[in-house]
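S.K.: If you use this note's numbering, the sequence shown closes out at 381, no skipped numbers anywhere.
Honestly, the hints are just simulated from the structure, not real lab data. Treat each hint with caution, since some may be false.
[To be verified] Okay, derived cross-link-like pairs now, DSBU-like style, lysine-lysine, Cα gap no bigger than 30 Å in a straight line:
hint, residue 1, residue 2
1, Lys-155, Lys-323
2, Lys-319, Lys-155
3, Lys-323, Lys-376
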Amino acid sequence: EYSKRELRCALNVVEVIIATAQEPVWPQAGDLLVHAGIQFLYQKAGDPVGASFMCCLAAVILHCGDETGFIQVIEGISAAAHQAGMPEADAGALLDAWMDCWDMLMSIERRRSTCLALCRLVGSGFMPAISRLAVVVNFVVEVVAEEGELEPGPFLGGGPVRAGGPQKARRKLWWSVYEDMPGGLTSYFRLMVEQGRQTIAAKHGPEAEAAFDETLQQVDPEVMKQLPPI
152 EYSKRELRCA LNVVEVIIAT AQEPVWPQAG DLLVHAGIQF LYQKAGDPVG ASFMCCLAAV
212 ILHCGDETGF IQVIEGISAA AHQAGMPEAD AGALLDAWMD CWDMLMSIER RRSTCLALCR
272 LVGSGFMPAI SRLAVVVNFV VEVVAEEGEL EPGPFLGGGP VRAGGPQKAR RKLWWSVYED
332 MPGGLTSYFR LMVEQGRQTI AAKHGPEAEA AFDETLQQVD PEVMKQLPPI
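Construct the entire structure; sequences and hints are all you get.
M.R.: Written as structure tokens, this is what we have:
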């Protein structure tokens, strides 16, 4: 049994390992993620472990080459929470808790990696993420605005990297996602939206694709206008 401080430290260490590894190492962290996920769902915003858990899960989503893997992690956390006495704890509830705790992410590196992970969930055709697309768009707009305020520097990070290990690992990971992509995060988001549409159409047919387009149309157009053109 971990104390909250031990669990937070363990998650930070695992996040760095996942983000910097050349090979997938996240399966070995499954038990830790499940334990932290249950605590996160139970405590929600009141749990100081929350930000570390969200960033560790984001690292898994961004580093895992096959979307089947990270979807299994999310569903595994939800199933374990259900068995622990939280019958409402499905994958959608996990995403809701994640989104509700956005303000716990105090650095742009944490917000950026979390935002990228949510975009990738949309791109994978993960329905709980697609149904919350309006919230994902708001996060993208917020991070794009923050990036625009940064001075040029390594990894768009505003000068010399002075952050500790986790911050450096997050910068390396998100930079690898859209390093060579003109338009940066905005381009990545639009790519994931189109990929999500194609995935939904391939898996579930034209009716599901039409439902996806309807969900996209429900996003506030004034918010979408805040994304810079590519």
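S.K.: Need the list of violated hint numbers for this structure, in ascending order.
M.R.: none
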